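With the numbering used here applied, the sequence shown covers 130 to 442.
Read the hints as simulated data drawn from the structure, not as lab findings. None of these values were measured; they are calculated from a predicted model. One or more hints might be untrue.
As the list claims (entries may be wrong) - BS3-like, lysine-lysine: derived pairs with alpha carbons at most 27 Å apart:
hint, residue 1, residue 2
1, Lys431, Lys383
2, Lys272, Lys257
3, Lys272, Lys436
4, Lys436, Lys224
5, Lys431, Lys376
6, Lys436, Lys376
7, Lys257, Lys172
8, Lys224, Lys272
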Amino acid sequence: MIDVPRKSRRVASAGASSSRREAAACHHCGLSCIEVPAPTGDKVFCCRGCRTVFELLSENGLGQFYQMEGARGARATEAAPGQFQFLDEPAVRAKLVDFSDGKAARVRFSLPTIHCIACVWLLENLFKLHPGIASSRVNFPRKEVAISFDETTVTLGDLASLLASLGYPPELNLSDLERGPVHPAVRRLYLQIGVAGFAFGNTMLFALSGYFGLDTFHGPAFRSLFGWLSLALSMPVVAFSAADYWKSAWTGLKHRRLTLDVPIALGIAALFSQSVWDLVSGRGDGYFDSLAGLIFYLLLGKLFQQKTYDRLA
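Based on the sequences and whatever the hints tell you, model everything.
Shown next, in the form of structure tokens:
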């Protein structure tokens, strides 16, 4: 019979004990527990943060989180005192909050640790963890959460600390807090909409007397004056606000391609020409209000389309 040395038996026993410790998995995040802390009942946690999250979810009726298929929470870490206090500074807060009316507010946080449907379920039930949270919606492809909250009850720093305590610390880069300058093309589009809207409102006022049959209350001199003023206001609309349609239509015709801007440009040209002819020949005041309104609404649709593309991107 071979006698195994006592030291060898101790080493083997220690190795077996170490294997058992490594085999233990955290009930919350699923990571191996090298050094197992005091368990909670029959459940083992790798750190105090994960145990705190488990207790928090259980106390607020969210224990079914662990019953979801493949549910594994992100490893929780305790936020340092005052770590997110800078978010409550007015200058920083104004750059982060999407909307605020003094009570209700909405903010978006980037949470790179979102990884499964269980994370989405947990983050969309934040209102059960804090009475100041109205709702939360997760954008899984972008790993973002949009939170609507009562800013008289909870602050941005509190929200960030809550997310960090659950294992979803928000990613905050100083470069993200600075809104970049508006792109020149977008600034130009806003200016085009402003010019068209200004002309549309004023030409519509000039044409109100004709719409309501009040032509008898002013002589032909006033009628002619309003017509020429409408023409003057329509000139920058046709030349500047509709410039992109002229350019796009000309490019399409030059390359023998029929684009949507070609009939739009033809319609603008026809409406403007007919209005000028009516005014010059004395047959009427023209349709300058309709022309400005057409271009104004076309540009609004273009802006909405651009915003939609930016949001999808």
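(Q) Let me make sure I understand: some of the numbered hints might not hold for this structure. Which ones are they, in numerical order? (A) none
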